[in-house]
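Undergrad: One line per chain: the protein sequences are A and B, in this order.
If you use the numbering used here, the first sequence closes out at 222, no skipped numbers anywhere.
If you use the numbering used here, the second sequence closes out at 433, no skipped numbers anywhere.
Just so you know, the hints here were simulated from the structure itself, not pulled from any lab data.
The reader is advised that the hints may include incorrect statements.
[Claimed, not checked] Cut-off 30 Å, straight-line C-alpha distance, at most; resulting in silico cross-link-like pairs (DSS-like, lysine-lysine):
1) Lys-297/B with Lys-321/B
2) Lys-199/B with Lys-419/B
3) Lys-261/B with Lys-298/B
4) Lys-298/B with Lys-217/A
5) Lys-217/A with Lys-321/B
6) Lys-181/A with Lys-217/A
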Amino acid sequence: MGYTLNFAAVWRNFDDLLWGLGLSLLLAAVAIGLGCVLGLVLAFGRVSRSRLLSGLAGLYVTVFRNLPLLVLVLFSFFALPQMGLRLSKQSSFVLALALYSAAYLAEVFRGGLLGVPQGLREAGLAIGLTQTQIRRSIVLPIMLRSVLPGLGSTFIGLFKDTSLAAAIAVPELTFEARKINVETFRVIETWIVASGLYVVTCSILAALLRQVEAKLAISR
Amino acid sequence: MHGNLLEIHGLHKRYGSVEVLKGVDCNVAHGEVISIIGSSGSGKTTMLRCVNMLEEFEGGTIRIDGEEIGYATAGGERRRKPEKEIARQRALTGMAFQQFNLFPHMTALQNVTLGLRLVKKMSREESQALGETWLDRVGLLSRKDHYPSGLSGGQQQRVAIARAIAMSPRLMLFDEVTSALDPELVAEVLQVVRSLADDGMTMLLVTHEMRFAYEVSSRVIFMNQGRIGEEGNPKMMFASPKTERLAEFLKSSRFD
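Required output: the full structure, derived from the provided sequences and hints.
TA: Right under this line is the structure:
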């Protein structure tokens, strides 16, 4: 196959890839952070006794979980300005990913909420705690501990989804890699390095999450 | 401190079309220790759970020191009290559950201090001191930093009792606190309950421990099909039951 790998051109532009990776992480962190907050609200809505709340939360999950993220990203970037909401590339991507991740996280959290034994809520009530105090001090911490393993995979999946921001020219890792690809024609080398960065980053994230999990685990 | 601590009048409770409590009347004086016995489905646990509003009820009133629990009647209309008010009223009673229900993410001490901090608004130091006092009282001070998963069933139940009693409730409710325990762990829990009774704590115990009911209670209530079938002094009741149902129930119960 007469092709000799030559990474020199990629290393020259390695800084750009790292900056791209940094932006990917930042986008993911902000979007997932927002998604967690919204996802929690949705999860509590879905398990609430109010038909209206659980219906609305269910509708949200149905809509946003069944939309391809790329469609959501394009909608947010191209259609929202037409509707009067003008956001930067980065912001419109964060918005799309946050809304999308909230639907997935809501389902993860809902599963955790259903797993908290009713008896613990009653024990909280019996010592005079209010519903709000029970949610904050008992239900939430127990739920979060139980969903951590699943949450890790969801976070990593969402981090990888930041590569779709390349579609609207947000200069994150995939976008930077494509730029280097086009400018240097070192196609194979560029994508090997970019892939490596994703794999290494995700592995580190996974290891960190496992540590958090071990630290917070309810000792058995 | 005069009159009755607890007054239950005409208590009715239904689950859908099933009427579980069909008009229960019961007064409890300060310092009384009352065992509630009866076969499963007789309504004894439901009655206990109505007293601290873990169950809603459709008819009748429950009063603690004269204060109506859970509902207010104004102009002939019966309304559930606001959640905050109900939470405050629940703290008037303490409850221990069959399944212990300790918070699994908290140590024994944290289980006991949670209510002290959030409900009684005590400082960290104050709540810890009181929590340790009560853990010591149930013989578990050395286990204060253990999580529930590291405690035996009997130890968990003793922590759960400490958690309830630390809130200084006026009335303790015990819901079959030994039913989920291995036989060899029952005694240590009953010992704690007995010592609270000796201290003059007013308590209602739903129990299957007939010997314990016999020895500790000032009065026994026999629940039968959603009503009080018979009540009285345990020695008289167990020796000469007035109703056929109680006689049968006692015959089928173990006294050990």
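Undergrad: Compare the structure with each hint and give your call.
TA: We went through each hint and held it up to the structure:
Among the hinted pairs, Lys-297/B with Lys-321/B is consistent with the structure: their alpha-carbon atoms are about 20 Å apart, no more than 30 Å. A distance of roughly 21 Å separates the Cα atoms of Lys-199/B and Lys-419/B; the hinted pair therefore holds under the 30 Å criterion. Pair hint Lys-261/B plus Lys-298/B holds up; C-alpha atoms about 15 Å apart against a cutoff of 30 Å. Using a Cα cut-off of 30 Å, the hinted pair Lys-298/B and Lys-217/A holds, with the two alpha carbons roughly 29 Å apart.
For the proposed pair Lys-217/A and Lys-321/B, the alpha carbon gap of about 20 Å is at most 30 Å, so the pair holds. At most 30 Å may separate the alpha-carbon atoms for a hinted pair to count; Lys-181/A and Lys-217/A exceed this at roughly 41 Å.
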